[in-house]
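Number of protein chains: 6
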Amino acid sequence: MNAPKTDRYPMPDLADLPEDIRTQILAVQEKSGFVPNVFLKLARRPDEFRAFFAYHDALMLRESALTKGEKEMIVVATSGANQCLYCVVAHGAILRIYEKNPLVADQVATNYRKADISPRKRAILDFAMKVATESHALDDADFAALHAHGFTDEDIWDIGAITAMFALSNRMANLAGMMPNPEFYLLGRLPREKKAG
Amino acid sequence: MNAPKTDRYPMPDLADLPEDIRTQILAVQEKSGFVPNVFLKLARRPDEFRAFFAYHDALMLRESALTKGEKEMIVVATSGANQCLYCVVAHGAILRIYEKNPLVADQVATNYRKADISPRKRAILDFAMKVATESHALDDADFAALHAHGFTDEDIWDIGAITAMFALSNRMANLAGMMPNPEFYLLGRLPREKKAG
Amino acid sequence: MNAPKTDRYPMPDLADLPEDIRTQILAVQEKSGFVPNVFLKLARRPDEFRAFFAYHDALMLRESALTKGEKEMIVVATSGANQCLYCVVAHGAILRIYEKNPLVADQVATNYRKADISPRKRAILDFAMKVATESHALDDADFAALHAHGFTDEDIWDIGAITAMFALSNRMANLAGMMPNPEFYLLGRLPREKKAG
Amino acid sequence: MNAPKTDRYPMPDLADLPEDIRTQILAVQEKSGFVPNVFLKLARRPDEFRAFFAYHDALMLRESALTKGEKEMIVVATSGANQCLYCVVAHGAILRIYEKNPLVADQVATNYRKADISPRKRAILDFAMKVATESHALDDADFAALHAHGFTDEDIWDIGAITAMFALSNRMANLAGMMPNPEFYLLGRLPREKKAG
Amino acid sequence: MNAPKTDRYPMPDLADLPEDIRTQILAVQEKSGFVPNVFLKLARRPDEFRAFFAYHDALMLRESALTKGEKEMIVVATSGANQCLYCVVAHGAILRIYEKNPLVADQVATNYRKADISPRKRAILDFAMKVATESHALDDADFAALHAHGFTDEDIWDIGAITAMFALSNRMANLAGMMPNPEFYLLGRLPREKKAG
Amino acid sequence: MNAPKTDRYPMPDLADLPEDIRTQILAVQEKSGFVPNVFLKLARRPDEFRAFFAYHDALMLRESALTKGEKEMIVVATSGANQCLYCVVAHGAILRIYEKNPLVADQVATNYRKADISPRKRAILDFAMKVATESHALDDADFAALHAHGFTDEDIWDIGAITAMFALSNRMANLAGMMPNPEFYLLGRLPREKKAG
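Protein chains in written order, with our numbering: chain A, 1 to 197; chain B, 1001 to 1197; chain C, 2001 to 2197; chain D, 3001 to 3197; chain E, 4001 to 4197; chain F, 5001 to 5197.
Mixed in with the good hints, there may be bad ones.
With the Cβ distance kept under 10 angstroms, some of the chain B side facing chain E (calculated, not the full set) [said to hold, decoys possible]:
#1 ARG1050
#2 THR1110
#3 LYS1114
#4 SER1118
If you're looking for bench data, these hints aren't it; they were derived computationally from the structure.
Please read these numbers as outputs of a predicted model, since none were measured by experiment.
Every residue, glycine too, gets a C-beta built ideally from N, C-alpha and C.
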């Protein structure tokens, strides 16, 4: 099997981590029921860990014209373009939950143009995909297409910055051989009552 | 929403279809519990329908050194490369069932190089991806890589022909705006006992 | 020389083939004066042979708004994009004959944008080339460009399906090392009277 | 039709050209029986005409380890990659004549990897195609592959320089809408005795 | 001119910035003699500013087997591939200074394969360019190529993480229309004594 | 170091060159203060040398609607796209001098879309980049975009032909391992008075 690839950067013991990082990870575990691998993989390097999650939170938790679901949709679509297994599966789960839609993550990850999403969301993803794959060619027409949906330049910064953050994140996951926790694959796919059962 | 795209080629009524096709579709419905959209989309054109499924069955049901799971893995990986939503989701379901592995389809569709699969399966997918994306450049070294895993040229024909069949199928699904049935998204993701519950 | 490449999948003896396939091949030979290699290469696998030609005929012999020449033009242009030597040369010959134009096949195979063809044919090929190379990105504008030339969605299915069929065919030819019969290279290049001479 | 494209840069009258250019063109006409369009298209600009053909002759008429046929093969293969209709058809004719092989030009233009050519010629074309499409990535291994066939660095300069010259030529033909003379399409396809008849 | 592009996200007044950010910027100005535009462009969003520079410093100031010059070389080469004007020019200046080499930045930004650098540096850049452009395809051979130069997996994390950080940075600069300060273009190009004069 | 790459095609002694070439090179040296390496690299082959510079001068010295600066801008932008180190650095110097702008060369070489240039120059470069990278797809709309800026088809020939000439030149420089003279890196970067000092 391909085990060596994922063993190159082993995950540290929680006990060996700095206090602030251990606390943050335990809080995530408390909330989610498991520790997403990205936390343990990055915790090997505490300074990078802190900067990564500070950046992530600055963008993903920020008040914005974008809904939480739209932000995750950007992550899933562009991570699909970057073939980042960890981000597609982990953020796909979050996307399903935020959108209360068990189908949308697979659609957006595979081909966002065929996804059953609103024209507004389609416009967001068109822009994000250009930032992800050819940011050098961004021009006024790309901004105008989002203005037509009522987005301001400040909103567009959100779209572009989330995409840029995951350009980093996708490359780290591919470098580190980060595998999604098995839990992510099923999250958000079942109606709430079944899950409770 | 994007409804127009999926309405361009409406699905016919079962009652209006030729007898042999209606029978085939009812048999699938009996077995699966629903009619996969590919059957109804293609049934609009009976001759093409018959040829399509004859070709599909000639390859997918054929005795081969490839397991059924490996055949579906080829479909899912190359359909991911072609960004074919229908085939990734529908054949992803079948792949999960054949491999009794709820994780493998998402892995292979997103980035087969990071999937948790054997070197043999990795070699199959390397070859299939080359047929899918640059068949003009196939050379002796590509065959040799599969010979090293014990495959004969006849087995390699199977790999290449399945890939070629889905090069057709992916394009038809993208052309026709074929959407996966909602059922496919969840199939094979739950342990069998839960499903029964 | 490169003989090994073409020997990997040897052509069977006519005598060893199933009756229906032998009959079909002899009919082609009777009509064309030779047996195109695609028949013998694929006859190694009778079920795939039957499905392939059933599909081919369902599309190429079907009554359509497309002329026979336009259908072959789709084949030649997209096979050029896929660098499929067999299909460019064999279908180039058929195209020259149908169009009674000794120049058009080389033009369309090399660069359809520079070919001396009508705007209607240019629009057909623009669509076909998108199906061949990036079907995931097909959108309403692509359909509209063909509607502007009077094509219906049903006609567009023909264009897309022929392209999809040869996406399969090109990959099989490249996989199997299929070489065009020498006869094809010259067919349709000479005025009829010279040929008779 | 697409006439405007070819009319943008009209061909001058022979009578209006400088003496040296008219003489050169008449000599070509005498030898070939017609004036290849490249001569008339470029003659609009006498200084560029003179430099173009001086460069062309410096490379194509130079004594070299490459045969005349091999030089033309480089032109046809790389012009195919650049989708240059004029050069594929015009130099395809010359290639057929030099190699006394009516099939090789179509093979090399469509997919040189599948052409029925010697390993030596294959190595020449591998190098030429890299110069044509990604010269920035040339490295020692590319030179070594040709040394293995007995070529010196001076021979490799010939290969690269011919490719570079036609990188220019292909772009000029595409810019100027240069169409091959109809005569070229058939040249070298018939056995000599038939031609005489 | 293209002024609108750079005006979309205006730079804030220093006086309006949070204390910690203003202090940081004034310190940079003190040291460099000017404020690089990246500081003012990003300061519009204090939380993102803080995370960005924390991440940057965690990687660029970290003790490592990579020299400071090698770290900047990664930035310049991958920013060239991403066509990020700001990063090529600004980090090109820093690279020239660290390496005490007025030529290397232009070489590495244009074509690192032709740069006059050691095999060790070439290996670093080969890996970095793969992370930048196709991180999904990273495999064991890419790591082995660096092990051969004595790098550990921990060093390789540095290479990959710096590349990933600038995948983010390049996209932000392209999004925000960030222009390099004029000072950067000349920095490190003159011998120290001339500069003093 | 990478010395072998630049040693493959050693530069000849001036004394061994034909009289006309030696005279031409000495004149350049007289004017520039040094001999640009392209002269010595190409002088190895006198006939190619003469044709190269005749072609170069026919285009670059020709009276034209394009300014000298615009011509060099085409060279720098397309050489950047072709990753040609020699041409980016050497012609970047000339561009800075002609435009009396120490910043423009680095801007145009890295990402012409972000350069601080007029819409007219942007239109020139859009066309040139298409000729450089996909001349097969040139169509009427590309010409119309330049007509809108007052350019005639004859001016457009200039743009296309300069691009085509450097498609050749870039490939020769990459083939021959041509390195820019150190002098070029700094030329045109300093105000004139400093240079005098």
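Please write out, lowest number first, the hints stated earlier that are contradicted by the structure. Of the numbered hints, 1, 4 do not hold.
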